[in-house]
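As a plain string of letters, each chain reads:
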Amino acid sequence: MTLWWAIAALCAGCYALKLAGLAAPQRVLDHPVVRRFAELVPVALLAALIAVQTFTEAGEAHFDPARTAGLAAAVVALLLRAPFLVVLFGAAAVTALARLLLG
Amino acid sequence: MDGTTHRPAPVRDGLGVGLAVGLSGLAFGAAAVTAGLSVPQACVLSLLTFTGASQFALTGAVGAGGDPIAAVAGALLLGGRNTLYGLRLADLLQVRGPRRLLAAHGVIDETTAVALAQPDRESARTGFLVTFASLYIAWNLTTLAGAYGTAFLGDPGAFGLDVVGPAAFLAILWPRLSASRELRALAAGGAAMALCATPFLPPGVPVLLAAAAVLPVLLRR
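Protein sequences appear in the order of chains A and B. So in the numbering used here, spot 43 of the first sequence is number 43, and the numbers just go up one at a time. So in the numbering used here, spot 33 of the second sequence is number 33, and the numbers just go up one at a time.
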């Protein structure tokens with residue numbers, strides 16, 4: 001039941017956070033620091049998520065060759081301007097293949 | 001929503017992003033069940049939370065054995081960026097009343113990116129709406145499929161599904177990284193901080209800590 005409470009809290013909280021932005025007063029919107037912050041924070045958080053999801057396992061730094069190869073494939077696909085879906089499928093396919101080959 | 005002109009570009013952009021990103025619900029469903037959530041729990045998260053990074057953060061923390069309160073706090077702080085997106089979208093969407101209550105649920109990375117990429121307000125509104133609708137439908141259907149499928153797959157890692165989350169985040173981030181050297185440095189800083197903090201802090205917290213990497217950039221001018 002604890003997990004359900006956690007899920008309920010997250011659902012309510014995430015919705016409130018979304019609504020708070022849309023409902024904020026205009027003067028907050030116009031503040032340059034707020035705008036700059038809104039542009040910068042997601043970059044730092046998303047980069048951190050990529051790093052943590054790729055290079056950690058159970059709270060420890062961890063190098064997974066297959067996952068790293070998949071992410072490298074994503075980088076190559078992005079450099080070649082591949083569509084989003086191709087990037088994701090390519091990354092998953094390379095990771096799966098690498099796991100198969102590396103055992 | 002209302003009499004918005006349906007021009008090809010925002011509709012195409014919205015559908016492209018919505019359907020493509022929506023498919024990564026497959027990875028979320030798989031990750032949630034792998035972390036120990038039930039299929040209904042995974043589906044409720046996608047229906048009512050509808051913000052992928054927070055959902056992945058919660059399941060990641062639960063799977064790693066994190067305390068539920070810390071897991072929720074981490075996922076919520078990550079959802080805080082949607083507030084900032086809302087700040088930018090409020091002016092562009094100009095929605096009021098009950099419509100705003102509905103539109104608020106759609107304020108996420110992808111809808112913001114598509115809306116802000118449009119040349120005018122009308123296209124921005126169309127882009128937001130099309131992205132929201134297509135992504136919501138695709139994300140929820142694929143969450144269900146991923147969660148159910150995982151029970152049959154056995155090990156989702158064998159299909160490389162664990163790389164879909166980071167690859168999706170990278171693809172979202174890519175245009176901003178390729179456009180600005182400053183943002184590349186910020187991304188590298190955030191990633192390094194999170195990795196260094198991982199052994200010492202509970203799951204979810206290192207990612208939040210990375211937000212501090214924006215401070216030197218903010219203070220620089």
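A hint or two may mislead.
[Unchecked claim] Covered stretches of chain B (chain A as the covering partner; in silico rule of three or more C-beta atoms under 8 Å from a C-beta of chain A): (1) 89-100; (2) 114-124; (3) 127-134; (4) 139-147; (5) 158-169; (6) 214-220.
[As the list claims (entries may be wrong)] What follows is a list of derived Cβ distance ranges for each label pair: (7) A:Pro32 <-> B:Ala185: 18 to 26 Å; (8) A:Ala58 <-> B:Ala133: 15 to 23 Å; (9) B:Arg121 <-> A:Pro25: 14 to 22 Å; (10) B:Asp155 <-> A:Pro25: 46 to 54 Å; (11) B:Leu48 <-> A:Arg81: 30 to 38 Å; (12) B:Asp155 <-> A:Val34: 43 to 51 Å; (13) A:Ala61 <-> B:Pro98: 43 to 51 Å; (14) A:His31 <-> B:Ala192: 27 to 35 Å; (15) A:His31 <-> B:Gly97: 38 to 46 Å; (16) B:Arg12 <-> A:Val75: 40 to 48 Å; (17) B:Arg121 <-> A:His31: 15 to 23 Å; (18) A:Arg36 <-> B:Arg121: 20 to 28 Å; (19) A:Val75 <-> B:Ala145: 21 to 29 Å.
Just so you know, these hints were derived from the structure itself, not from any lab. Quick reminder that beta carbons are idealized off the backbone N, C-alpha and C, glycines included.
(request) Between the segment 139-147 of chain B and chain A, see if three or more residues pass the 8 Å beta-carbon test, and mark the coverage as holds or violated. (result) With 0 residues in contact (Cβ-Cβ under 8 Å with chain A), the coverage given for the segment 139-147 of chain B is violated.
(request) With a C-beta cutoff of 8 Å, work out whether three or more residues of the segment 89-100 of chain B approach chain A closely enough for the coverage to hold. (result) Since three or more residues must qualify, the claim that chain A covers the segment 89-100 of chain B holds, with 6 doing so at under 8 Å.
(request) Starting from the hint 43 to 51 Å, judge whether the C-beta atoms of Ala61 (chain A) and Pro98 (chain B) obey it. (result) Given a distance of about 48 Å, which is inside 43 to 51 Å, the answer is holds.
(message) The hint says 14 to 22 Å between Arg121 (chain B) and Pro25 (chain A); measuring C-beta to C-beta, is that right?
(response) Given a distance of about 20 Å, which is inside 14 to 22 Å, the answer is holds.
(request) Take the C-beta atom of His31 (chain A) and the C-beta atom of Gly97 (chain B), compute their distance, and say whether it sits inside 38 to 46 Å. (result) violated, 26 Å
(message) Taking the Cβ atom of Arg36 (chain A) and the Cβ atom of Arg121 (chain B), is their distance within the range 20 to 28 Å?
(response) Hint holds: Cβ distance 22 Å, inside 20 to 28 Å.
(request) Could you check the hint for me, namely that Pro32 (chain A) and Ala185 (chain B) are 18 to 26 Å apart, CB to CB? (result) holds, 21 Å
(message) Given a hint of 30 to 38 Å, does the C-beta separation of Leu48 (chain B) and Arg81 (chain A) actually sit inside it?
(response) About 35 Å separates the Cβ atoms of Leu48 (chain B) and Arg81 (chain A), which means 30 to 38 Å holds.
(request) With respect to the beta-carbon atoms only, verify the hint that His31 (chain A) and Ala192 (chain B) lie 27 to 35 Å apart. (result) holds, 29 Å
(message) If I claimed the Cβ atoms of Asp155 (chain B) and Pro25 (chain A) lie 46 to 54 Å apart, would that claim hold in this structure?
(response) Since Asp155 (chain B) and Pro25 (chain A) have Cβ atoms about 50 Å apart, the given range 46 to 54 Å holds.
(message) For the segment 158-169 of chain B, count the residues whose Cβ lies under 8 Å from any Cβ of chain A; is that count three or more?
(response) That given contact holds, which follows from 12 residues of the segment 158-169 of chain B lying within Cβ reach (below 8 Å) of chain A.
(request) Check whether three or more residues of the segment 114-124 of chain B sit with their beta carbon closer than 8 Å to a beta carbon of chain A. (result) Contact hint for the segment 114-124 of chain B vs chain A: violated, 0 residues under 8 Å.
The structure does not agree with the numbered hints 2, 3, 4, 8, 15 and 16 stated previously, though it agrees with the rest.
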